[in-house]
Structure formats: C-alpha cells, structure tokens
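Protein chains in written order, with this note's numbering: chain H, 1 to 755; chain R, 756 to 1044; chain Z, 1045 to 1202.
FYI, nobody ran anything at the bench for these hints, they're computed from the structure.
Even glycine gets a Cβ: it sits at the ideal position worked out from N, Cα and C.
Hints may contain errors.
[As the list claims (entries may be wrong)] Just a few of them, taken from the derived set where beta-carbon distance is under 8 Å, the chain Z residues facing chain H: (1) T1053; (2) E1057; (3) F1061; (4) L1062; (5) E1084; (6) D1090; (7) C1145; (8) T1149; (9) R1162; (10) Y1173; (11) C1182; (12) G1184; (13) Y1185; (14) S1194.
So you can see what is in the structure, the chains are spelled out below.
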Amino acid sequence: MDGQTRDFKWIGKRTVRPDGVDKVTGRANFGADFSLPGMLVGKVLRSPHAHARILSIDTGKARVLPGVKAVITAADLPDIPSEEAHFGEDPTDFRYVSHNVMARGKALYDGHVVAAVAATSEAIAEAALGLIEVEYDILPHVLDVEDAMKPDAPLVIEDLITQGITPTPKKPSNIAKRIQYDLGDIAAGFKKADVVIKRRFTTKPVHQGYIEPHAVVASTSEDGQSLVWCSSQGHFMVRASCAKLLGLDVSQLRVMPAEIGGGFGGKVTVYQEPLAVLMSRKTGRPVKMVMSREEVFRGTGPTSGSVMTVKIGATKKGKITAAEATLAFQAGAYPGSPVGLGCMTAFAPYDLENVKTVGYDVVVNRPKATAYRAPGAPLAAFAAESVLDELAKALNIAPLELREKNAAREGTQAPYGPRFGVIGYVATLQALRDHPHYMAPLGPNQGRGIASGFWMNFGGQSSAVINVNEDGTVVVTLGHPDIGGSRASMALMAAEVLGIDITKVRAIIGDTHSIGLSDITGGSKVTFASGMAVVKAANDVTGQLRARAAMIWEVDADGVVWEDGHAVASSTNVGEFEPLSLAQIAAMAAKTGGPISGHASINAKGAGPGFGTHICDVEVDRETGRVTVVRYTAIQDAGRAIHPSYVEGQLQGGAAQGIGWALNEEYVYGDDGRLQNPGFLDYRMPVASDLPMIDTVIVEVPNPNHPFGVRGVGEVPIVPPLAAVANAIEDAIGVRMTDLPMSPPRILAALEDKL
Amino acid sequence: MNAMRYEAPGSIDEVVALLAAADGTARVLAGGTDLLVQMQSGLFKPGLIVDVKKIAEATTITAEDDGFRIGAAVCGAELGEHTALKEAWPGVVEAAELIGSVQIQARASLGGNLCNASPAADSVPALIAAGAICSIAGPKGRREAPAREIATGPGKTSLRKGEIVVSIHLPAQSPRSSDAYLRFIPRTEMDIAVVGAAVSLSLDENGLCSAARVVLGAIAPTALLVAEAADALNGSPVDDAALERLATAARAACRPIDDKRGTVEYRTKVAGVLARRATGIALERARRK
Amino acid sequence: MKKSHVTTTINGEPVEFLCEPQQTLLDVLRDELNLTGSKEGCSSGDCGACSVIMDGRVVCTCLALGVEAEGRSIDTIEGMAEGETLHPLQRWFLEEAALQCGFCTPGFLVAAKALLDRNPDPTETEVRYWLAGNLCRCTGYDKIVRAVLSAGAEMRGQ
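This is chain H alone, in the form it adopts within the complex (with noise of 0.2 Å):
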C-alpha cells in the first residue's frame, strides 16, 4: 500500500475518539481513582531544607502509631550501582532515580523524599510523618546556574567530576557534562559576516504542569507478584524502574496504565511508584499514593532554568555565515538536564555551514529536572529565534525572508550530523506568508512575531497485537498510554489497512503482562512508532486473512490479494470468487487454522522531523507592563494528519504552554532555597480568558519512511511560542526581552530602561 499520496477511508478522518465517551462521563479511571479492599495510604516526609546531609531518622514514634503498617527509608532500599536507563529522550541513571526517590545520605532540594509511611487512613499517615525525627546538617545550597559553575560552589553531588572535558578534572564540580557539536569552522565564518549579533538570555524553570497529580496504587500477594495501577508516560518503564530500583525480576510485577491526566514529559519517570510497591510488599495489603499539588511541584521535576548566549552572523544579502551558542541548563539535584537537545535543535531549521553549540549540564539544589515537551528545544530556540529576529530588523530584512534565504530543505546538513531527508521547514514558511495573519493590520501598543522550531521526533519499540473476533470485529492492543488521542489513531490506521468500517475497531492499551515491550509515550512517537506497529500487524492479518481465504477456495494463497476490506482473486486466472469480507472469513477462523491474530514488535526508526513555525500578536499595557496575546497562528508539518483534530489540538496546546512559560510561568524560591510558589495560585498558567483561538495550519510534507507519512506532532509546537512571543513584544514596544518569563514587572522595567 502505498500510503503516500492514495486517498483515504479513515486516515485524515475526524471520528469519535473510542475513549471518549468514558471521559465525558467520568467514568474513566484515572491514577486515583482505582481502589482495592484493606487499602493502605501511602505518604511521603519531605526535607525542608535545599541543601542538608541526614544524619539520622529515627522511626521509632512513627512505627508505635496505631494504624501505621509500614514506614521505609533509604535502608530498605538496596544500595543499587550505576547504570543508564533508556526511557525517555535523554538517558538517565538509575541510581540517581533511586536516590531521587527515595534520598540517601544528603536530602538535595526542598521537598526531596526522606522517608514514607503507610497507615490505615490519610490523617494517620499524616501524624507519623509527623513522628518521625530527622536529624539534619544544613548545608549551604546553591540554586543558579552561574553560582552552580563558580569553583567555590558548595557542591551538590560530592564526587562529581564533569564528562566532555579532555582533560578529565581532577576536582568535582556541580557541571555534570560539557557537550559540543560543531559544523565546519566558526570563526572563519564570523569573519565572513557583515552584521553579528550577540545576547545573552537567562530563563526559570517551569513545570510541565499537568492537572492530574501523579497516583499509584500497588498490591502485592502472597506470591511475590506485585500488580501496579498507576497513570504514567510509560507503563514498561515503571516496570523497569521498580524492579532495578527493589532489585525484582521485571515478570515479578505487572503494571496496568490508568488514564493519564497530562504528562507532558513528567511522567515518564517513577516517583512514588517504588515505594508503593515496597509498601505493598513489606505490609501484604495495596498500599495508595497521591501526591498533593504542592508535592508535584515541591518533588517533580521542572525542566531546566537556563543561561544561554547566542551568536550569529550574516552577510548583508541574508546570508547566515555562523551561528553559535553556549547553553548552561540546571539539571536539578541530578545530571540529566537536556542540554544536549538544546545544543542539537537550536539552529537545526536553518541551512549553515559553520556552527558550534556547546551546552553544560549543571546540577543545584532543585528537584531533577524532568523531560518537558521537547526537552531543550524551547529554550535553545528562544534564545536563537530571538537573536534571528534581531538581525533580522539589523539588516532590514523581513524576519520571514531571513528565515526563508536559509531555511534547510532535504539534504541540509543538520547542525547535530545526519542530513535531513525529505522535510517541511519551507513548507511552514510558505504558508506563513499565504495566511491572513501575516498581514493583518495591527492596532495601538500591538505588535507581531515570527519564530519558527524544530524536533527530530523518535522512533523506539512499539509493540502491537490485532485479534480479530469471531464476528469481524477486531480489538487493536497497544503498549503505550494513551495520553493525547492515539488510541483513535492507531484504530483509524488499522480500520485503514483492514477496510473495515471504524465502529468495527476498538483500541486498548494492554497492560505489561499482555502486550510486548514498548516505550513510552513521547518523544511524539506514538502516532509513528505504534502506527508503524499497527500497520505491521495489520498487514500480518490481512496476510493471514488471505492465506484462509485461499484454503477456502482451494488457491493457493498468491492468488489472493486483500482489497476495501475484503479477499479478492487476484485475477480471473485463479477463479471466479465472490469477494469474501473479513467478517465472513473471521466467521469460517475455527475450520480455516484457529483464530486470526496479527502481531509487531518493533524498533521504529525514520522517524520525520518536525518543523513549525508561529506568528504571535500581543497588545502591551505600557503602564503596567501587561502583555495580551490576542492572536496566535500554530504552522507545522506533520507529515500525514492521522486525525486532523488531535493534530490541531497538540498544535493548541503547546502553544498555550509556550505562551505561559513565555509570560507568566516561573519557580519562585527564597534565600532559604525553599519554593515559594508550589500551587497553582502562584504558579500561573494561563486560564482560558488569558487565551485567544489558536488557529493552526497543518502541513502535509509526508514522512517517506512511514507507512502513511507520519511525524510526530506532539512536542514542535511547543518550541516556536516563546521566541514569538518575545518577539512581537519587541516589535510592540522596541524592546528585546531576553529574561524569561516577560512578567509585567519585567517589561514596565524594560520600558523604563529604554526612556
């Protein structure tokens, strides 16, 4: 089939989603809403203090409380060494996840875990956290990036010495990593450029802000077989994550995926879920665990806070001679920040020759950092679609024709190595200059922005499992959650391939005991990885389907060929048949060879990547400093549209993220190191009166490499919105943003500075 430019039953169709219903209604089951008989209540003691080595706990109190069935430490955590774990974009350590899960020796952030109680009720758990003394010795902390890489900096991991320096240190500092990606020769390249322009950019963390806080309930019976019920990004990395973290075999638990109230990156790595499966083990009874909206923000990895200084030339004609850019992003308490996207990705749209990114990962006294929508991307863009646009306005060239003379086009050279294949950047870009918000008319105090971003989208393991029923319906099981619509997708992809009707079609996440192995749900590779895995087993059906027809009419099975749903000789030479639909053939399953299931497990790879590119217009209140979005156009190539309206939304909801992590968004800490602002009160999303339509374009420059054209969608939006953003208010007031979030404090002071 070839899925590039046919026309299409359901690919591209807006159906029903299959989930729908159950979350209209409230009926679906989300993390905290599954409940087991003699369930206990799990909960955590945080440190207080940013920076403190434990040097005791004593539970004794906490232990006596009656009610209280278990309470844990760090000593009945075994004491597990390095190792890389693969899960998300950006690999991290599991010994680091155990100590972020549970602290050993040093507490490094407020709110890091020290200890867990479970007990019989929420306000018993409660009182023996209460109980339970620990004795600290508060160190001093250190929260900033450029602090953190001082050499008298009081030092957050003690024997850390920094990866990417030749040669290696011999003292540890808090710089986990340096990494660097160079193209052809930098300086020669500035030499060659009329106009430079340097800035440099500090950011804060922000969170990835998901409504449903992360839950978790674990039972373990008699048998050593602890089941798992919790929503997360990745129900197999839980898996992995617990039994390396209490040193189980991966078979000894099962993990079943709940709904999934938002994740965004911040659920692709466990928290909670060890403890409640030692809970559950050492107490014999399920033991539940919430976290409150404080905790999240308290305990839950942001992403990176960052200082960042970019550098790029060009000749007077537009040309892009060199670009450059040194990237510093917090880590948290753990290495791990990613840095390494933000190098890989900030001047991936554009076709030059001489580049040289060069980022550290810096550890400090905040909770880990966590993957956020295109870990890295937003920021390194940021800075680099800022400094874009100011050259542009220096060489009086149209921010979009700067973009357009050195936008990459298939066989570009990526700034990070691989020479991009077929892709869409261009494609953006012109319809940019088609849209009717290019060249609206602005009113007083407003102004607009261009910026444009970029994501390598990832492939990974999917694994897929297609049965079919014996009345020609067919259930479609997937590996990952579901967190933004892909179960609609995946049936749209196998009603496509099958030829039956969508209602016939229903699609389920299987739990790790029921579907092979796959990854977790980002990196936007759903729609790619599990779609490609989808269409394998489908096509291993429609294979499989045809081979039963031929056996019923005595052919042999190349004489078959599977068409609209139905086995069709493949010319008259084989016979005269009537077309035998799937459901006719599923009725025959048992006579023909037993039931009918098709099956992939793969490792996807060709994964597109995406571009977008967005035009922002706000309004600026120039006595207050507040700044109004009140238009916003999403453009991205998304290779083929699975369900046109689950793309727009992705398209939406980034760009609603960019734009508050742009305006208002920001982790407040005091002196004390302590955070100040862990609610939603003080951390400041934006509400739905904040916002205006979003109005999205999507692009269709296929993905050769995927049965049906499909890039990833989830995470490019995000990227643009913040340099957009930034943008118009610059090209509302004259004045260049490079401190992020652009709060009204901020902005009334950048407009006085400019008097």
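With chain H fixed as given, assemble chains R and Z onto it according to the hints.
Same frame as chain H, but now just chains R and Z:
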C-alpha cells in the same frame, strides 16, 4: 489527632455562644474559600467550625431606606445578581466579583473577605471607599464599626473573642455619585491582587467633585484610605491635572513589600496607574447618574 | 472521632452518608460514594477539576465540607447524561475534540452546564471568563470554547 467539631446553628446568639466558649482554634465558616484552603494546606487545623449559612441575617441582602444591609455570608455571585445594589455600588459589587473564579464566587463572601484580613483582599478597598459599616455581634451584644477598622494587619482583625461580623451596611447612594474598583494581576483572572484601587466619588451640579474616597489595597498591611488622593480630587473637575496629583498621592502613600506577587517599586508605580484609571471609571458612572 | 450523618440529594437521588467533619465534599464524593468523576487537581480552589453544581451554583468541592451537603442538592458529572443520552455539551466536547487527556473534562462540563443554564447565549469572551476557574493544560482552551458555543447554539435550537 484533630477532633474537629462542626456546628451549623440557626441563630446569631448561638454562634456567639459557641465562639465565646471555644478556644483560639474556632473559626467561622461562610463560603470556606479561605478557611478550607488554609486547612488543606496544613496551615491551620480548626478545633471548631461554626457554619453561619443557616442564619437569615447573615445570608440575605435587604434594600433599606438608608442603603443596603448585606449579610456577611452572602456569596459574591448573589451580590452580582442584585440589580439595585449593582446600580448603586457597582464598585463594591465588581470588587467582590473579582475574587477568584465562578466557583469561588458561588461561595466567597464579603464577611469572609473582610475578616480573613489579607492585605490584598479585593472587596475591602471598595467597602471602605463606600463607607461600609459592619454590624458585629458578640458576648456583650451588638456594636457597629466601619469596615475600615476591621483588619488590623495581615490575618488579624479588631474583633474580640466571640465576636462575628453579621452584616455589612452600605449607605444609600447619592445623586451624581458612583464608585469603581480595579486591581492589577498578571493574568486576566485567578491571581491575588498585586495592587487594588477603589474610588468612590460624588459630583456637584457643576460637575465638580464634591466628595471622594480613594482606598488602595495590597500596598500596605491593610487597605489604605489615602486622604491626600481624595484631596487631589475634591473641588476639581477631575481633569488630567487632578488625576496626576491623585496618582502622585497614591504612590506616595504606598508601603508595600517585595514578595512573589510584586516588588515595592512595581506596586507603587501601578498603584498610581490604577488609582487614576479607577477614578476615570467612577467619574464616567457618576456622570451617567 | 464521631462521624456525622448527612442526608442529601445527589444527581436527583436521595443519598445518605457518614463522614468526619473535616472531610471535604470532594473526599466524600470520591472516597465514600465512589463518585470518582470529580477530580482532585490542587485542593486549593485554583483548578476547578473538582467542580459540581450545588443548589444551582457551580462550586469547588475541595473547598466545601462534606457535612455542608446536608439538605442540599448536588449535581455531579455522573448525573449529566440522562441514561444513555449524553448531554449536548458532552456530545459537543467529543465532536469538537475538546479533550485530550480528559482529566479536566468533568470539571469543564459541569462549569459549562452551569453557564448555559444561566446564560444560554454567551459570547466567546463570556465563556472564557466563566471558565477561567477551570485549568486545562492540554488543549489551550480553543476547542473547549468552541464546543461550549456549539452546544449552546444547539440548545437554543439553532
């Protein structure tokens, strides 16, 4: 463990008796939009909660000859639905309606907003600008006090043990008079005021300002009645020059703090801007009367 | 600790339950009555995921005590559909793809129903300000607003 008691008496006398007999951890429950937040965050565990919503006096709005008597537990949404009150005191109503979301509006009350005594309370500057008088019941009987005298500092009130604000009285509105409240927040909704400004003014037959009250919120430990700002308006045609003097006076009166919601510098600047803008709105409304 | 006995009406049906005085109405709905459609997102009244309609007004159940349900009438997401027939808002949310993860959806549906019950023909701005107390992180609100406007139009017979 906390053995919290909940009572929902049917009369003010019972409320007073319960509060007077309780220890310092007793709290009144109207809408609960401050109290329950404090309980949920572990900040505070009340020993006794006295729910006043079964008491007519605390939950009714009555239009009287000399103004309006508003039960202290009447919710913001109900205030907004009272046409006559909105017509007479649009500033008080819009201030109350700015508190939180629609969900909060269905519960939050003037009494709660006043007695929670947050420096950033939205309804308080407007109540003070309107000259609101509180009817207070206590062990020694009833007394009255201007709204201005209730909050004495962040989270602290002048109420004595066993006392409760039962209702709030707004005077009848005079001709050619109106009020307005503005607040500055970084988003469009759902934030605590960084600065609040309430203005109540009256015009004489010649269109000159004959009386004014300007009250600022979130720029001091309690809402501030800024006499100098009112002086800038009194007798003036409320022109640009008067507004400039008003803004200067407003800024001069500010004694804010630096916190996660705003800096001293920023609050001061915006106080001047809001005082000016709120005056403009009150003026427009007064002219239409 | 002695529990209180509460008699109330939920989704039109008489209901009785026992609860401790400090339990919120949200705790009671979810943990005592197994009505888990209302969600806990923040426990501070800032996200609206716990919204129900109580005596005709949409409220955050995380900020109400279970005992306050006494004698009141409460409508939760579970009561929004009539038997097998979805409410127009529910249908339009599905039609317009106004949900992605679906966690905030019950809160939005309840709040939107309260809006249309009161103001059958709201403008886009009125819808946005009414729903400002409901946080969504997935959709950017665009399709939610469109779904509410479409449902309103259908309910007005247009």
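Can the hint on C1182 (chain Z) be confirmed by a CB-to-CB distance to chain H that is less than 8 Å?
5 Å, holds
Hint validation: S1194 (chain Z) versus chain H, beta carbon distance must be below 8 Å. Holds or violated?
13 Å, violated
For the hint on F1061 (chain Z), just tell me whether its beta-carbon gets within less than 8 Å of chain H.
With Cβ-Cβ at 16 Å, over 8 Å, it is violated.
Holds or violated: C1145 (chain Z) as interface residue toward chain H, Cβ cutoff 8 Å?
Nearest chain H Cβ about 5 Å off; hint holds.
Measuring from the C-beta of D1090 (chain Z) to each C-beta in chain H, is the shortest one below 8 Å?
It holds, given that the least Cβ distance between D1090 (chain Z) and chain H is near 4 Å, below 8 Å.
Using the nearest Cβ pair, does R1162 (chain Z) come within less than 8 Å of chain H?
17 Å, violated
Should the hint that G1184 (chain Z) touches chain H count as held when the rule is a Cβ pair under 8 Å?
Hint on G1184 (chain Z): holds, closest Cβ of chain H at ~3 Å, below 8 Å.
Given hint E1057 (chain Z) near chain H, where the shortest CB pair must fall under 8 Å
Status violated, d = 16 Å.
Hint check: 8 Å Cβ-Cβ cutoff, Y1185 (chain Z) to chain H
Given a least distance of 4 Å, the restraint on Y1185 (chain Z) holds.
So, Y1173 (chain Z) near chain H? Judge it on the closest CB pair being under 8 Å.
Hint holds; Y1173 (chain Z) Cβ to chain H Cβ min 5 Å, cut 8 Å.
Are E1084 (chain Z) and chain H close enough, Cβ to Cβ, to be under 8 Å, as the hint says?
7 Å, holds
Just to be careful: measuring from the Cβ of T1149 (chain Z) to every Cβ in chain H, is the smallest value less than 8 Å?
This interface hint holds because 5 Å falls under the 8 Å limit.
This entry does not satisfy hints 1, 2, 3, 4, 9 and 14, going by the numbered hints stated previously.
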